[in-house]
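Chains as they are written, first to last, in the working numbering: chain V, 1 to 492; chain G, 1 to 562.
Be aware that a few hints might be false.
To be verified - With a straight-line cut-off of 20 Å between C-alpha atoms, the simulated SDA-like cross-links for lysine to any residue are:
{"no.": "1", "chain 1": "G", "residue 1": "21", "chain 2": "V", "residue 2": "372"}
{"no.": "2", "chain 1": "G", "residue 1": "538", "chain 2": "V", "residue 2": "164"}
{"no.": "3", "chain 1": "G", "residue 1": "138", "chain 2": "V", "residue 2": "368"}
{"no.": "4", "chain 1": "G", "residue 1": "538", "chain 2": "V", "residue 2": "364"}
{"no.": "5", "chain 1": "G", "residue 1": "538", "chain 2": "V", "residue 2": "167"}
{"no.": "6", "chain 1": "G", "residue 1": "138", "chain 2": "G", "residue 2": "149"}
{"no.": "7", "chain 1": "G", "residue 1": "538", "chain 2": "V", "residue 2": "289"}
{"no.": "8", "chain 1": "G", "residue 1": "138", "chain 2": "V", "residue 2": "440"}
{"no.": "9", "chain 1": "G", "residue 1": "538", "chain 2": "V", "residue 2": "156"}
{"no.": "10", "chain 1": "G", "residue 1": "538", "chain 2": "V", "residue 2": "228"}
{"no.": "11", "chain 1": "G", "residue 1": "138", "chain 2": "V", "residue 2": "439"}
{"no.": "12", "chain 1": "G", "residue 1": "538", "chain 2": "V", "residue 2": "161"}
{"no.": "13", "chain 1": "G", "residue 1": "320", "chain 2": "G", "residue 2": "406"}
{"no.": "14", "chain 1": "G", "residue 1": "538", "chain 2": "V", "residue 2": "160"}
{"no.": "15", "chain 1": "G", "residue 1": "538", "chain 2": "V", "residue 2": "158"}
{"no.": "16", "chain 1": "G", "residue 1": "138", "chain 2": "V", "residue 2": "365"}
{"no.": "17", "chain 1": "G", "residue 1": "138", "chain 2": "V", "residue 2": "428"}
{"no.": "18", "chain 1": "G", "residue 1": "138", "chain 2": "V", "residue 2": "441"}
{"no.": "19", "chain 1": "G", "residue 1": "21", "chain 2": "V", "residue 2": "373"}
{"no.": "20", "chain 1": "G", "residue 1": "538", "chain 2": "V", "residue 2": "168"}
{"no.": "21", "chain 1": "G", "residue 1": "138", "chain 2": "V", "residue 2": "431"}
{"no.": "22", "chain 1": "G", "residue 1": "333", "chain 2": "G", "residue 2": "402"}
{"no.": "23", "chain 1": "G", "residue 1": "538", "chain 2": "V", "residue 2": "302"}
{"no.": "24", "chain 1": "G", "residue 1": "138", "chain 2": "V", "residue 2": "436"}
None of these hints come from the bench; they were simulated from the model. These numbers were taken from a predicted model, which means no experiment stands behind them.
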Amino acid sequence: MITEHFPALQIVIPLIAAPLCILLRWRNVPFGIALVATWSAFIISCLLLGQVMDQGIISYELGGWAAPWGIEYRIDAANAMVLLIVSGIGSVVVPYTRNSMLLEYIHERHYMFYSAYLLCLTGLMGVAITGDAFNLFVFLEISSLSSYVLISLGFDRRALTAAYQYLVLGTIGATFIVIGIGLLYHATGSLNMLDISQRLEINGYDRTVVAAFAFITVGTLLKLALFPLHLWLPDAYTYAPSSVSAFLAATATKVAVYVLLRFFFTIFGAEFSFETLPSGPPLMALAIIAMFTGSFVAIFQENIKRMLAYSSVAQIGYMILGVSLVTVNGVAATVLHLFNHALIKGGLFLAMGCIYFRISSHHIDNFAGLGRRMPLTMAAFVVGGLSLIGVPLTAGFISKWQFVLAALDRDLWWVAALLMMSSLLAVVYVWRVVEQAYFRSPPAGSEAVTEAPTSLLIPTWVLVGANIYFGIETELPLTVSRMAARALLGTQ
Amino acid sequence: MSSMTPFLVFFLGAILVALTKGRLQSMVLLAIPVVGALNLYYLPADMTGGTMMFSYTLSWLRIDKLSILFGYLFHLAAFIGIIFSLNLRDTTQHVSGVLYAGSALGAVFAGDLITLFVFWELLAVTSVFLILARRTEKSQQAAMRYLIIQITSGLILLAGVLLRVHETGSIAFGHIGLSGLSSWLIFIAFGIKCAFPFLHNWLTDAYPEATPSGTVFLSSFTTKVAVFSLARCFAGEEILIYIGAVMAMFPIYFAVIENDLRRVLAYSLINQIGFMVVGIGIGTALAVNGAVAHAFNDVVFKGLLMMSMGAVLYRTGTMKGSELGGLYKSMPKTATFCIVGAASISAFPLFSGFVSKSMVMVAALDEGYPIVWLALLFASAGVFHHAGIKIPFFAFFAHDSGIRVKEAPRNMLIAMGLAAVICIFNGSYPWVLYSMLPFPVDYAPYTMAHVLTQSQLLFFSALAFCMLKLYNLYPPELRGINIDVEWAYRWLLPRATKGFVTLFAPIDQACRALAVRRIEVLIARLYRHHGPHGVLAKSWPTGSTALWVAIVLGGLLLVYYF
Numbered sequence: 001m002i003t004e005h006f007p008a009l010q011i012v013i014p015l016i017a018a019p020l021c022i023l024l025r026w027r028n029v030p031f032g033i034a035l036v037a038t039w040s041a042f043i044i045s046c047l048l049l050g051q052v053m054d055q056g057i058i059s060y061e062l063g064g065w066a067a068p069w070g071i072e073y074r075i076d077a078a079n080a081m082v083l084l085i086v087s088g089i090g091s092v093v094v095p096y097t098r099n100s101m102l103l104e105y106i107h108e109r110h111y112m113f114y115s116a117y118l119l120c121l122t123g124l125m126g127v128a129i130t131g132d133a134f135n136l137f138v139f140l141e142i143s144s145l146s147s148y149v150l151i152s153l154g155f156d157r158r159a160l161t162a163a164y165q166y167l168v169l170g171t172i173g174a175t176f177i178v179i180g181i182g183l184l185y186h187a188t189g190s191l192n193m194l195d196i197s198q199r200l201e202i203n204g205y206d207r208t209v210v211a212a213f214a215f216i217t218v219g220t221l222l223k224l225a226l227f228p229l230h231l232w233l234p235d236a237y238t239y240a241p242s243s244v245s246a247f248l249a250a251t252a253t254k255v256a257v258y259v260l261l262r263f264f265f266t267i268f269g270a271e272f273s274f275e276t277l278p279s280g281p282p283l284m285a286l287a288i289i290a291m292f293t294g295s296f297v298a299i300f301q302e303n304i305k306r307m308l309a310y311s312s313v314a315q316i317g318y319m320i321l322g323v324s325l326v327t328v329n330g331v332a333a334t335v336l337h338l339f340n341h342a343l344i345k346g347g348l349f350l351a352m353g354c355i356y357f358r359i360s361s362h363h364i365d366n367f368a369g370l371g372r373r374m375p376l377t378m379a380a381f382v383v384g385g386l387s388l389i390g391v392p393l394t395a396g397f398i399s400k401w402q403f404v405l406a407a408l409d410r411d412l413w414w415v416a417a418l419l420m421m422s423s424l425l426a427v428v429y430v431w432r433v434v435e436q437a438y439f440r441s442p443p444a445g446s447e448a449v450t451e452a453p454t455s456l457l458i459p460t461w462v463l464v465g466a467n468i469y470f471g472i473e474t475e476l477p478l479t480v481s482r483m484a485a486r487a488l489l490g491t492q
Numbered sequence: 001m002s003s004m005t006p007f008l009v010f011f012l013g014a015i016l017v018a019l020t021k022g023r024l025q026s027m028v029l030l031a032i033p034v035v036g037a038l039n040l041y042y043l044p045a046d047m048t049g050g051t052m053m054f055s056y057t058l059s060w061l062r063i064d065k066l067s068i069l070f071g072y073l074f075h076l077a078a079f080i081g082i083i084f085s086l087n088l089r090d091t092t093q094h095v096s097g098v099l100y101a102g103s104a105l106g107a108v109f110a111g112d113l114i115t116l117f118v119f120w121e122l123l124a125v126t127s128v129f130l131i132l133a134r135r136t137e138k139s140q141q142a143a144m145r146y147l148i149i150q151i152t153s154g155l156i157l158l159a160g161v162l163l164r165v166h167e168t169g170s171i172a173f174g175h176i177g178l179s180g181l182s183s184w185l186i187f188i189a190f191g192i193k194c195a196f197p198f199l200h201n202w203l204t205d206a207y208p209e210a211t212p213s214g215t216v217f218l219s220s221f222t223t224k225v226a227v228f229s230l231a232r233c234f235a236g237e238e239i240l241i242y243i244g245a246v247m248a249m250f251p252i253y254f255a256v257i258e259n260d261l262r263r264v265l266a267y268s269l270i271n272q273i274g275f276m277v278v279g280i281g282i283g284t285a286l287a288v289n290g291a292v293a294h295a296f297n298d299v300v301f302k303g304l305l306m307m308s309m310g311a312v313l314y315r316t317g318t319m320k321g322s323e324l325g326g327l328y329k330s331m332p333k334t335a336t337f338c339i340v341g342a343a344s345i346s347a348f349p350l351f352s353g354f355v356s357k358s359m360v361m362v363a364a365l366d367e368g369y370p371i372v373w374l375a376l377l378f379a380s381a382g383v384f385h386h387a388g389i390k391i392p393f394f395a396f397f398a399h400d401s402g403i404r405v406k407e408a409p410r411n412m413l414i415a416m417g418l419a420a421v422i423c424i425f426n427g428s429y430p431w432v433l434y435s436m437l438p439f440p441v442d443y444a445p446y447t448m449a450h451v452l453t454q455s456q457l458l459f460f461s462a463l464a465f466c467m468l469k470l471y472n473l474y475p476p477e478l479r480g481i482n483i484d485v486e487w488a489y490r491w492l493l494p495r496a497t498k499g500f501v502t503l504f505a506p507i508d509q510a511c512r513a514l515a516v517r518r519i520e521v522l523i524a525r526l527y528r529h530h531g532p533h534g535v536l537a538k539s540w541p542t543g544s545t546a547l548w549v550a551i552v553l554g555g556l557l558l559v560y561y562f
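Whenever a hint applies, use it, and build me the whole structure from the sequences.
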């Protein structure tokens, strides 16, 4: 049955499509290949999620080699959710790339873009799907290397330095992770995640394991850009092409958060990660600092794309805060926010790309009067912004609600209060844009600006519409995130 | 005929308004409250509506006498407001006005606290456009402050609701009473929207900066939703009596020294809400009836006053008492309507304020709060001075400012006329209103004692005003009068209050200045670190970022090993 091989197909289809883009480089063929590959990955991930919800964990042995020696793909609700996020955003963004100026900019080499894009998608999905620690590192490198290429394609020359910096820091992060995995291998003699965790329980946790834990934590925190390790993120997101920013902002850090969850809870186990070692308080402190610093910096930013990047730093703070609570509710809120924030930031960065397409600027002064000139784009931005703030009837509200409930559940009133306060800061930075766009008239003598092309608006509105849809129909994400949290924490 | 939840009529209507233009748009606008009211009339009394969210059952339609009364009131207010704004060609304002009214309806028919919270936030988000639409620098800033405070109120409400869910597991929107942190949070959230003392600044800050018709809408809904919520959840809490008494008194000082006439009305809005809050605090059937009836009347007469000032602003472009005057020659009809509104707010017999305000005052006396009764009596005199005399006097009489304008547009006159008729009708034939109140009414407004007390109060106040006018402080040449006139008003109040004002004002100003300076310093400091060139926002060289990685790793290893 083909359904049995879905886990392999999930990875293999985009992986094979990537070189195909280079081989069949005529006209629109690479675009077609990317479109087919991403959408089939999306469909497969939907089906996988359905299977996981019906039948529980799926285990797939690659090439028929049994688990501790061969590579195992192991899918529970948590990675099914992440796969859905990555492939969903990936497939919505592909149609957007076609008309977003990027392809004209790189002329006839656009097939390379699609190849890198598909590789990045493969890497991110591979990280999520695999049950093998070393395989995870390999996929992480595939996604990182291709994302450096994608970022360096930005129109601004600073994109090159941004990509270079991300390359250096990303490599440090990946190296830390592989050092950690190496130490774990040394301690347990296994690379299969489940096997490692079982052997750790039998062998006990010695100093090598502690060092492995520290290296993996720091490496992952660097990849997911938690304050103060976020320094690569603002430049990378600001100078990357619009479609790449949207794709990476919605997926790359989410996958890194997933890696953190997997290592903390599945491999090392919650008891070791949070009780033997005091990881909770430092993570919570950094998360809260990130929430506020990111938001304050965003408030003062004049480059709106950079503002969105810093708001991502703040939002990552929320996610890590959920992790640091170490409860089913907290982790469920984090997983839910992975999903909702992907929709929010994806939509906002795509709207940003629509604006850049017309005014070739990210500066707030050039937003004056856009509300009248680009009504649909700005409406998308406003809805996305409301969701970012967490206004009721948007996806962001559901996340906020879950975070606050999770904090109250642990009797951490002050954390709940801080969560509320930081969402007020989001009002300020979103509102600056709204005010500029709707209540300032455009500067005299500025060129006439018209609405963005439909081919850009449709993907933007698909994501923005999803924000509203999942703000009202909350059943699916809530159930899945709860299942994911239970699977991670090993409670039923 | 199939019925729908009241707010839905407005929300769907808003979409139609956004899609239409010109005459058709006007017809749609007018049809919305009419259709809405018919819908409300035919609403089956046992109809409910709801949905599941998380694991709670949300109900967005709960019908009882209290919500029905506020429902009709909001339809009426929306109808009057829409007529008043018909001559506007600004779709943003129309749409946000309709959505705003719809959100208020959603809040009063909310059956649980989460639904209430949703509409509570929507009230804030939809109404801010009415302020922004003035499109001046001042109004933009006021709108931002307004929005932040309103959202804060929503967040506090949410925090309270979450805590309450955590404590009791119930999201019922019913009597809560003050006990424990959650109820206090909800209470404070209501208090912000209700403009409790020290939480009131958003109102007097933002309302006068809104567009002429925007203020009419604003003064009808937000605070009344808060009064409604207080009546639902905190009826009979004694603390409300004192809060209400303070609310009724303190705005008088500010209203008397204020020059912007719409800000004067904003202060008097707080003063009138004070009466309602006292009524809710007393909590007896008579008092709550009085509070609710007064809310109904207040929406109409405050709307009427706001409309007359809005018409003046629309024609003359200014709201400064010192620049206006003598307008009765050019705007006689507006002046007449304004006087009807002034008589109603001052509670002249036969005008609407009289039949509801006295209910609260009688209840205060009956339940043994003579001091509160005196405070309210004093507040009534104050209202008469600043809203009853000052508003019409400055705008339409006083010295002739030389401004010659046209009478207000016809739609504005119709809206004002409608409100004026309701004021007089409710004042002279209050039984229709009484029959709709939540509790059965056993109260006769027109007894000899009531009429005499109120008339004495009013006539002696008027006498005091005339005496002062005759004997001093009004130079016959009326040159540079404005400050003088204001001083006359300050003298008009008992002398003790003058002492209070002079004592209080500098302290108040110093506190505000200090707070403003503190905030400025804070923002400057934030900017230094978080601004585009601040240490936290600039792009870092790769080397030092790598150093940070090493520091974090070292720190973690230290923590883990020791």
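Going through the hints against the structure:
1. G:21 / V:372: holds, 16 Å
2. G:538 / V:164: Holds, because 16 Å separates the two Cα atoms, which is no more than 20 Å.
3. G:138 / V:368: holds, 18 Å
4. G:538 / V:364: holds, 18 Å
5. G:538 / V:167: holds, 19 Å
6. G:138 / G:149: holds, 17 Å
7. G:538 / V:289: holds, 17 Å
8. G:138 / V:440: With Cα atoms ~13 Å apart, residue 138 (chain G) and residue 440 (chain V) stay inside 20 Å; holds.
9. G:538 / V:156: holds, 17 Å
10. G:538 / V:228: The hint holds at about 13 Å.
11. G:138 / V:439: Holds, at about 12 Å.
12. G:538 / V:161: Distance of about 14 Å is within 20 Å: holds.
13. G:320 / G:406: At roughly 19 Å apart (the allowed maximum being 20 Å), residue 406 (chain G) and residue 320 (chain G) satisfy the hint.
14. G:538 / V:160: holds, 17 Å
15. G:538 / V:158: Cα-Cα ~13 Å, so holds.
16. G:138 / V:365: holds, 19 Å
17. G:138 / V:428: Holds, at roughly 17 Å.
18. G:138 / V:441: At roughly 16 Å apart (the allowed maximum being 20 Å), residue 441 (chain V) and residue 138 (chain G) satisfy the hint.
19. G:21 / V:373: holds, 18 Å
20. G:538 / V:168: At roughly 18 Å apart (the allowed maximum being 20 Å), residue 168 (chain V) and residue 538 (chain G) satisfy the hint.
21. G:138 / V:431: holds, 16 Å
22. G:333 / G:402: holds, 18 Å
23. G:538 / V:302: holds, 12 Å
24. G:138 / V:436: holds, 15 Å
Going down the numbered hints, you'll see the structure goes against none, and every one checks out.
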